[in-house]
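For this one, chain X is given, so just place chain C on it according to the hints.
If you read the sequences in order, they're chains X and C. Following the working numbering, the numbering of the first sequence begins with -12 at its first residue and continues without gaps. Following the working numbering, the numbering of the second sequence begins with 53 at its first residue and continues without gaps.
Think of the hints as simulated: they come from the structure by calculation, not from any bench. Owing to the predicted nature of the structure, the values given are computational and were not obtained by experimental measurement. Every residue, glycine too, gets a C-beta built ideally from N, C-alpha and C. One or more of the hints may lead you astray.
List time: in silico DSSO-like cross-link candidates among lysine-lysine, alpha-carbon distance up to 30 Å [said to hold, decoys possible]:
1. C:212 / C:96
2. C:269 / C:98
3. C:295 / C:212
4. C:262 / X:24
5. C:98 / C:396
6. C:478 / X:27
7. C:269 / C:97
8. X:28 / C:478
9. X:24 / C:481
Interface residues of chain X toward chain C, partial, derived using beta-carbon atoms under 8 Å [unchecked claim]:
10. 195
11. 232
12. 235
13. 288
Listed below, chain by chain, are the residues.
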Amino acid sequence: MMSYELIGITVLWIFLYGYLIVASIDFGAGFFAFYAKATKKDHIINQLISRYLSPVWEVTNVFFVFFFVGLVGFFPDMAYYFGQSLLIPGSIAIVLIAIRGSFYAFESYGSKDNLVYMFFYGATGLLIPASLSTALTISEGGFIEETETGVHLLSGELLTSPYSWSVVFLAIVSVLYISSMFLTYYADRAGDQPALDLVRKYALFWSSPTIIASLTTFIALSQQNPEHYQRAIDLWWVFGISVAFFMVAVFLVYQGKNYGWAFIAVMFQFLVAFFGYGASHLPYLLNPYVTLSSGVTNETMAIALIVVFIAGLLLLIPSLVLLMRMFLFDADYVKGKK
Amino acid sequence: MFELDSATLSRMLTSLTLLFHAIFATIGVGVPVMVSIAEFIGIKKKDPHYTLLARRWTRGYTITVAVGVVTGTAIGLQLSLLWPSFMQLAGNIIALPLFMETFAFFFEAIFLGAYLYTWDRFKNPIYHWLLSIPVVIGGTMSAFFITTVNAFMNTPQGFKLEDGNVTSINPLQAMFNPATPTKVFHVISSSYLTAAAVLAAIAAFFILMKKGSQYHKKALKLTVIATFIFAIMTAIAGDLSAKFLAEHQPEKLAAGEWHFETEDKADLIVFGTLNEDNEVENAIRIPNALSFLAHGDFNAEVTGLEETPEDERPPLWIHYMFDLMVSIGFFTLGISLLYIVFWKVKKWNEHHPLLLWGIAAGGPLSMLAIEFGWVFAEVGRQPWILRGFMTVFEGSTTSPHVDWMFILFVALYAVLAVGCIVVLRKMFKNNPAELELEHRYPQVAATKEDD
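This is chain X alone, in the form it adopts within the complex:
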């Protein structure tokens, strides 16, 4: 029997993973849409991108809200430590998310083809993962201190740390990689050859920085938090499986067929690596202040949250399946016939 706190963190981690995938697709697509427009290739792919994004952008946002509300619910101590220390990066992330979400709606429902709106939409898409990854970085320890006057972020340490920069770099290139891999699949489904040619090039281009950034982050982690690094090394086979999925995905795209399988391989690549990272992070949630068992809410609330979570899934999964069948797997819709 899993303990409540382990169920709690697993649930949260699944949602964060869900956000990682859907938000990467969304953030990257926004950037590619802007990039295509700026390089006058927008007629090739922007139709495709907006057909996918329009019905789902709000859902993407909910994954994120879900994660942080769940985190505060299961682990109220995290609200205290992260809240005290992350005022500035957190506020910047809020502003970026707000600009992005609303400008997307302004552009796609309101004044179509407004380059300024598209610029903000595309640029914020790359800055959001960078600012959000700060939270993961400081969870490794060494970036905040607790004194008499409260908890403080050591911004100097954060800005000069090789680890924090490699995480930022990894976040950005992964976004572009995941997104272009998805768009390759989507373009193929739509039977849109020119779009496919373009996004396939993006996908192959962004694959190598992604794997390089993963390695450098690993190396930087060994400097930043040797214990965590050691626990990760103990799980070396998990990361090995992730690399294998990466090679499958890139091989399939290079071959130019089975794009659906290629994207599934990408999802597994990140799933395995993300859970390997998460498992090796434990028992600390926020090193050294909060551990899995010290930060957890009381048992009554944990049970209530898990019950609600299961009930919620029974409502959400059929709804999500319906949404995907309408807009993702409905060939006529994807091809623009509906």
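Just chain C now, kept in the frame of chain X:
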């Protein structure tokens, strides 16, 4: 930068975010109800005017909902960023409704996307209408859950506090606290009312400006009748809320009503001013009305502010917030009733300009009443963040950078407000309803690329 402490600045920033969010949240809860009703009437009566109403309202709604979503995300995060000690304590007790709120929001988000992109997809239009139901349910349920959290802050229960540690937690008792029923009822009914009043104001304004078409007249009739019904609901909810306050939060009612001494047969004070000795001047006094408002009995005893220790009293200016909210409520009720009377009496003209101007004013005024009401409710529980347990000063962040964040968010909301107005104007200005009707309905089959 400002010579203010973090707690005061955190209060300012939270108020700013909430007041801005409240506009879009209210529209977000109320408008889907109106859209769903209009689409249903359109299908039943086979009247494309109503279907077009639903379509056009929905299109404007997407813009407001986007701003609502992002400002809602902002307040969700700001709660932990600005009030970390409060969230650490309260997270143990109210995580359940917060979590459920995100489920409701998720549900709404999924079906809003589906609703927006399937207008012409089904042979039987009723299937499309059915997609509006989960949007209405999701919006209303998220208002319900988040209001229970606010209610909890007003009348906390369902836990024990021993040396700063919470024990004996009962999540359902915390959620269904004494403030929950009246607060939820009042929040939902006033959101429906405000959405209806805003849409009525738009229709009235168009008729005033352009001698509106059939389309606008139908829109006006539908929205004003809805306004009237929701205004009655809101008045009942308001009355129940006052009775709740008298029993559970007498200091809020006393400060709101400038009722200083505990007495029976208490007068209701409407507007007025206070002199240096806290004596009321220039006010309209309605004899015994406060006793009736508080307890349903003209002779009942009403607790005065003197019973509350001085350092636990809310500021007295909330009196104006209360009076403005109630006055606007009665104005909307009256003007919508007047319209219905004029419409029923055949000799009278329900499109008389004065009446239309009244309806047009009702929209923005109702939105103001929402803001006044929230200010009254929130400032009325000062100095507490968790009434009886934690003051706002104990709950706030110690970070010295809140001032810069305040400026950052002022700029953000200014950008969002301007963007929202510009886009909405553009959306409807170049595409008047009459044109869209001509274009869309003579040849239903050929209109697939819109939306």
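Comparing the hints with the structure gives:
{"no.": "1", "hint": "C:212 / C:96", "verdict": "violated (54 Å)"}
{"no.": "2", "hint": "C:269 / C:98", "verdict": "holds (17 Å)"}
{"no.": "3", "hint": "C:295 / C:212", "verdict": "holds (27 Å)"}
{"no.": "4", "hint": "C:262 / X:24", "verdict": "violated (40 Å)"}
{"no.": "5", "hint": "C:98 / C:396", "verdict": "holds (24 Å)"}
{"no.": "6", "hint": "C:478 / X:27", "verdict": "holds (25 Å)"}
{"no.": "7", "hint": "C:269 / C:97", "verdict": "holds (16 Å)"}
{"no.": "8", "hint": "X:28 / C:478", "verdict": "holds (27 Å)"}
{"no.": "9", "hint": "X:24 / C:481", "verdict": "holds (27 Å)"}
{"no.": "10", "hint": "195", "verdict": "violated (34 Å)"}
{"no.": "11", "hint": "232", "verdict": "violated (28 Å)"}
{"no.": "12", "hint": "235", "verdict": "violated (31 Å)"}
{"no.": "13", "hint": "288", "verdict": "holds (6 Å)"}
Violation of the numbered hints given earlier is confined to hints 1, 4, 10, 11, 12; the remaining hints are satisfied by the structure.
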